[in-house]
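A.B. asks: Sequence:
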Amino acid sequence: MGSAFVKPTARQALWDSWDLCEARYMRQHLGFILPHGNYRELLSYKKAKVVFDVTFIFCRRFLTKGDRTIDQMVQAARSGKQNILEGSKASGTSKEMEIKLTNTARTSLEELLDDSRLI
Numbered sequence: 002m003g004s005a006f007v008k009p010t011a012r013q014a015l016w017d018s019w020d021l022c023e024a025r026y027m028r029q030h031l032g033f034i035l036p037h038g039n040y041r042e043l044l045s046y047k048k049a050k051v052v053f054d055v056t057f058i059f060c061r062r063f064l065t066k067g068d069r070t071i072d073q074m075v076q077a078a079r080s081g082k083q084n085i086l087e088g089s090k091a092s093g094t095s096k097e098m099e100i101k102l103t104n105t106a107r108t109s110l111e112e113l114l115d116d117s118r119l120i
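Residue numbers (the numbering used here): 2 to 120.
These are calculated hints, taken from the structure and not from any lab test. C-beta: ideal position from N, C-alpha, C; glycine also. One thing to keep in mind: the hints can contain errors.
[Stated by the list, open to error] Only pairs whose alpha carbons sit at most 25 Å apart, straight line, appear in this in silico DSS-like list of lysine-lysine:
id, residue 1, residue 2
1, Lys-50, Lys-66
2, Lys-48, Lys-90
3, Lys-50, Lys-96
4, Lys-90, Lys-101
5, Lys-48, Lys-101
6, Lys-96, Lys-47
7, Lys-101, Lys-50
8, Lys-47, Lys-90
9, Lys-48, Lys-96
[Stated by the list, open to error] Pairwise CB distance ranges (calculated):
id, residue 1, residue 2, range
10, Glu-97, Leu-64, 34 to 40 Å
11, Arg-69, Leu-44, 28 to 34 Å
12, Lys-96, Arg-118, 30 to 36 Å
13, Glu-97, Arg-41, 20 to 26 Å
14, Thr-108, Ile-58, 21 to 27 Å
15, Gly-93, Phe-63, 38 to 44 Å
16, Leu-44, Ser-95, 19 to 25 Å
17, Leu-44, Thr-65, 33 to 39 Å
My request is simple: use the sequences and hints to build the entire structure.
C.D. replies: In structure tokens, the structure reads:
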């Protein structure tokens with residue numbers, strides 16, 4: 002009756018052959034795993050590092066010692082910075098993991114923002 006195989010259109014066949022050529026080029030010239038992990042050059046990492054440093058200094062200087070808020074704020078700032086770093090390193094093998102870790106970094110920094118508004 003009907004065949005499960007559907008013949009691709011000429012345009013689709015052209016794109017598929019282009020993808021195959023691009024993949025071969027990437028493997029030959031860039032290696033099997035794409036370049037990744039240069040997190041120190043990311044603007045988001047640089048800003049997250051500054052946020053972590055400022056948060057650490059602010060909490061030590063202006064909040065009372067033993068306050069749980071200090072730990073929460075410093076941990077949220079560190080989590081934001083570290084998840085950007087890990088997402089950058091994971092980008093060579095999994096774009097899905099990169100997106101998930103970047104989103105986790107965003108939510109950690111939003112948590113820090115909410116905590117800072119409560120002070």
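A.B. asks: Failing hints, ascending?
C.D. replies: none
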